[in-house]
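> The chain contents come next:
Protein chains: 2
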Amino acid sequence: MKNLILASTSTVHGGSYLEYLKPQLDLHFKAVERLIFIPYARPGGISHELYTSNAQKFFNSLDIEVVGLHSFKDPIKALEHAEGVFTGGGNTFLLVKQLYENKIIAPLRDRLYQDMPYLGTSAGTNIAGVSMQNTNDMPIVYPPSFKTLGAVPFNINAHYLDPDPNSKHMGETRETRIKEFHHFNNVPVIGLREGSWIEVKQRTYILRGPHSARIFEATKLPYELPTDSEITVS
Amino acid sequence: MKNLILASTSTVHGGSYLEYLKPQLDLHFKAVERLIFIPYARPGGISHELYTSNAQKFFNSLDIEVVGLHSFKDPIKALEHAEGVFTGGGNTFLLVKQLYENKIIAPLRDRLYQDMPYLGTSAGTNIAGVSMQNTNDMPIVYPPSFKTLGAVPFNINAHYLDPDPNSKHMGETRETRIKEFHHFNNVPVIGLREGSWIEVKQRTYILRGPHSARIFEATKLPYELPTDSEITVS
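Protein sequences appear in the order of chains A and B.
Count the first sequence with our numbering and you get residues 18 to 251, in order.
Count the second sequence with our numbering and you get residues 18 to 251, in order.
You may find that some hints are simply not true.
Said to hold, decoys possible - 30 Å max Cα-Cα, derived BS3-like pairs, lysine-lysine:
| # | chain 1 | residue 1 | chain 2 | residue 2 |
| --- | --- | --- | --- | --- |
| 1 | B | Lys196 | A | Lys196 |
| 2 | A | Lys120 | B | Lys39 |
| 3 | B | Lys120 | B | Lys19 |
| 4 | B | Lys120 | A | Lys185 |
| 5 | A | Lys196 | B | Lys120 |
| 6 | A | Lys114 | B | Lys196 |
| 7 | B | Lys164 | A | Lys114 |
| 8 | B | Lys74 | A | Lys196 |
Stated by the list, open to error - These stretches of chain B come out as covered by chain A in the derived footprint (C-beta under 8 Å, 3 or more residues):
| # | region |
| --- | --- |
| 9 | 43-51 |
| 10 | 64-71 |
| 11 | 124-138 |
| 12 | 148-156 |
| 13 | 178-188 |
| 14 | 219-229 |
If you're looking for bench data, these hints aren't it; they were derived computationally from the structure.
Ideal placement from N, C-alpha and C gives every residue a C-beta, glycine not left out.
Please model the complete structure; the sequences and the hints are all you need to start from.
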């Protein structure tokens, strides 16, 4: 039993933090009075405290109290009793390293399989996949493993970007990078554009939001999946 | 004693493979008849054989034979006897994993300190730094460590890209990513634009090519270093 919203980004261009997801989050966290926030990804290197207070500012509008996981003496116990969890974006390597160091990979995964409402944005979405191997982030710290929660049977490339036909830059496109991944791995990858999210209910994965997603499977040519469609790769 | 060319990219927009570096490489490898090529980074997932033959095509024009390191039964011995080494670009995680698995980190580092002419492009440049932690690549495989050759006292961000003021994309800019790195590490980072390279002679590091470089130090604001200047950070 799973109940997740996995968003490509917390913020769309021109919008404010989580604003575009507000109607969905109002429903998703309807029964939640106190939300546990995992601030480990520290975007721009900001502190756990500041990141948590940024999240609180948005959730004030839904009348939900936000408590940072870093503030608990026993984060495992905190997760066991959580009504809902939100993992924010930032650096995925840092997030995953902290999840391992605090030994909360398994406890968090357990709660995701127990119908607890979960929200991930960017790095927080990435960790719901089989591994963090399709992150766009820089390896600023060395995590003990790239394996993540496996709450969905695929990986997610957040902030998915189409190749720019006018670019003179010679670095690899996102599509090239994901194809390289498939030379060494079979896990399907969902290229999730900013503004899109995946709604997970039990074992059903539905693409939501304004965009199609680009689906990469190891043995197929990449293709577009229209929004409001079920993701059936595994 | 070091003698290295560390290039941001193998190919500049509109040019052919290594063409823009031909005059430098002609001088750099003047005494080399047989060049050892390290094809482990496998750009686009191509085979070691195909990648080596691509390199050979260019070096034909300099009358240099190219032999792939993968083709030796004993790669350590091959490096010990190498007249010169070229490590090509591709995926840095894959390259570093292969360097560790073949136990050639230390032997290669030794040769770089013995005045052997070395060329790196992109991932092959990245590994000359203290660590691979400023790569732009996707973590498609898990290397046993992020530590690299330390032939220069800084890290290099190849294919350095300036922020695009017109972009509507919400993913982190290169500058933001490097600043995040400096929340957790003190190693200086050279943002090396495509077409630029670092010429290393003994312990002198000179920026060459058409562009300035962007220098990131943990405790300073980033700044531009003009071309043909010495890099003095450490």
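> In terms of beta carbon proximity below 8 Å, does the region 64-71 of chain B have 3 or more residues touching chain A?
It is violated, with 0 qualifying residues against the three required.
> Has the given pair, lysine 120 of chain B with lysine 19 of chain B, been kept, meaning a C-alpha gap of at most 30 Å?
Within the cut-off at roughly 21 Å; holds.
> Would you check chain A against the region 178-188 of chain B, counting CB to CB pairs closer than 8 Å, and say if three or more residues qualify?
holds (count 5)
> Can the restraint linking lysine 164 of chain B and lysine 114 of chain A be considered satisfied, given a maximum Cα separation of 30 Å?
holds (17 Å)
> Given the hinted pair lysine 114 of chain A and lysine 196 of chain B, is their alpha-carbon gap at most 30 Å?
Given that 30 Å is the threshold and the Cα spacing comes to 18 Å, the pair holds.
> Can you tell me if the region 219-229 of chain B counts as covered by chain A, using C-beta to C-beta distances under 8 Å and a minimum of three residues?
violated (count 0)
> CA of lysine 74 of chain B to CA of lysine 196 of chain A, is that 30 Å or under?
holds (25 Å)
> With a cut-off of 30 Å on the C-alpha distance, tell me whether lysine 120 of chain A and lysine 39 of chain B pass.
Judged against 30 Å, a Cα distance of about 52 Å means the pair is violated.
> How does the coverage statement for the region 124-138 of chain B fare against chain A, requiring three or more residues with Cβ below 8 Å from a Cβ of that chain?
It is violated, with 0 qualifying residues against the three required.
> Does lysine 196 of chain A sit within 30 Å of lysine 196 of chain B, going by the straight-line distance between their CA atoms?
The given pair, whose Cα atoms are some 29 Å apart, holds under the 30 Å limit.
> Between the region 148-156 of chain B and chain A, are there enough contacts, at least three residues with CB-CB distance under 8 Å, for the coverage claim to hold?
Contact hint for the region 148-156 of chain B vs chain A: holds, 8 residues under 8 Å.
> Closer than 8 Å Cβ to Cβ for three or more residues is the test here. Does the region 43-51 of chain B pass it with chain A?
violated (count 0)
Hint check: violations occur at hints 2, 4, 9, 10, 11 and 14; the rest are consistent with the structure.
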